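Peer 1: When you get a sec, could you build the whole thing from the sequences and use the hints?
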Amino acid sequence: MNNPRLLAGWLCAIMLSGGVCSYSQRVITLEEIFETAETQSVQLHPYITAQKEAEKEVGKAKEARLPDIDASLTVSFIGDGFTTKRNFSDYQKAPIPHLGTGLSLGITQPVYTGGAISNAIELAELKSTATRFTTDLQRNRLRFELTGFYLDIYKFRNLRQVVESNLASACKVLSEMQARYEQGTVLQNDITRYELLASNLRLQLIKIDNTLEILNDNLVTVSGLPKDTKVEPDSTILARALPREGEMWWQQAAESNSPSLKLARKGVEISRKAESLIKSERYPKIGLQAGWTMDGPILVEIPPINRNLSYWYVGIGVNYNLSSIYKTNSSLAKSRLSTQKAMEQLEAANEGVSMAVRADHVHYLEAYQELKTQYKSVELAERNYETVATRYAEGMALITDLLDAADSRLNAQQQLINARIDIIYYYYKLLFTTGKI
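Take the sequence shown: its position 263, counting from 1, is numbered 374 in our numbering, and each next residue is one higher.
No lab work stands behind these hints: they were computed from the structure.
Just so we're clear, the structure is a prediction, and the values are computed from it rather than from any experiment.
Beta carbons: idealized from backbone N, C-alpha and C, even for Gly.
Certain hints may be false.
Claimed, not checked - Cross-link-like lysine-lysine pairs, in silico, DSBU-like; alpha carbons within 35 angstroms at most:
1. 396 x 173
2. 171 x 438
3. 445 x 238
4. 483 x 341
5. 373 x 547
Said to hold, decoys possible - Simulated DEER-style distance windows between Cβ atoms:
6. 190 x 215: 21 to 27 angstroms
7. 351 x 137: 16 to 22 angstroms
8. 424 x 199: 35 to 41 angstroms
Peer 2: Dropping the structure here:
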């Protein structure tokens, strides 16, 4: 007689039984996801590799302190020579031993380089530290991104329960309407309009399930968890006692821990050290030198002597590039501008982090007020729905009133879920902004 409504009842039963969306899950805490991402997330690997590369650059810069050792061995064929007068007459052949050999060994130990070596080492160390801060910043961004996925999964799972509860209520009302319709006390139009409400709720469930699938895939992929993992958020996350320190406490935490501020400060130090490195080019380079050479035959004698000539030496070498006095002016001016830019960037970073902390702290406290308000809204919406439902059952209210009451209750319950999640979200947002996540 009423096959469409019978089908609607079956669909209600299927959706409420969980038959449409059933899969094995396991509870995973946010901390466990962070630990997994630390080693498995491909988004973090390039930064860790860059950090290792920067550490190797420090070792390479320190190698400049070691002595330079040059060794050479030559074997050659020497052709016969000839002599002539200055006007190229009186040609005479000059036989020369054909086998030529040369062996030399030279050692230079830098003693004074005007700070070039020490500044280069310090610059490499500063860049290595900056690379580590860059890795920390990327790690924090990754963790905050994972937190967003995690909390969204928690929110939509709770939202699904709310929609399921409202769908169950709608199915119950439809069943009562069907009974009253057969008694002639309810219009067919009322049943149709409430069936439309139930249909929209079922569509919401489908959309929620699709959103959950996408969020789970994003979380699993970014964190590096196994592909078949179905994440069930830790239900105790909302029950944790979260700190509610004042803004000044968070500002001080950001000053000490923010990777973006650390990176900006290190940028100033790098620029200043680059200035010192350029200035070192204006100083002479002094080093200890020692060497040994053996060459043969001795060609400086006529006729050549078919013997090896060997000698050694030790001494001090001084090298001074006079052109550096005027050639480094433009480089030094450019480096000073780079330092000024780095200082301005640090000032801007301080300002940006300070404003972000202030805004996040305001939203964090606001979220508590929002939660308190939404609890009251849900209470009022539940009371209103019960009142309107009773009035409708007694024929004292229209179907539109009942539909409005149902929509208001659903909206209030959804806003309550959002308010609960917002507290956790803005807390982790503060941790991210201050570098403590």
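Peer 1: Going through the earlier hints one by one, which of them does the structure break, listed in rising order?
Peer 2: none
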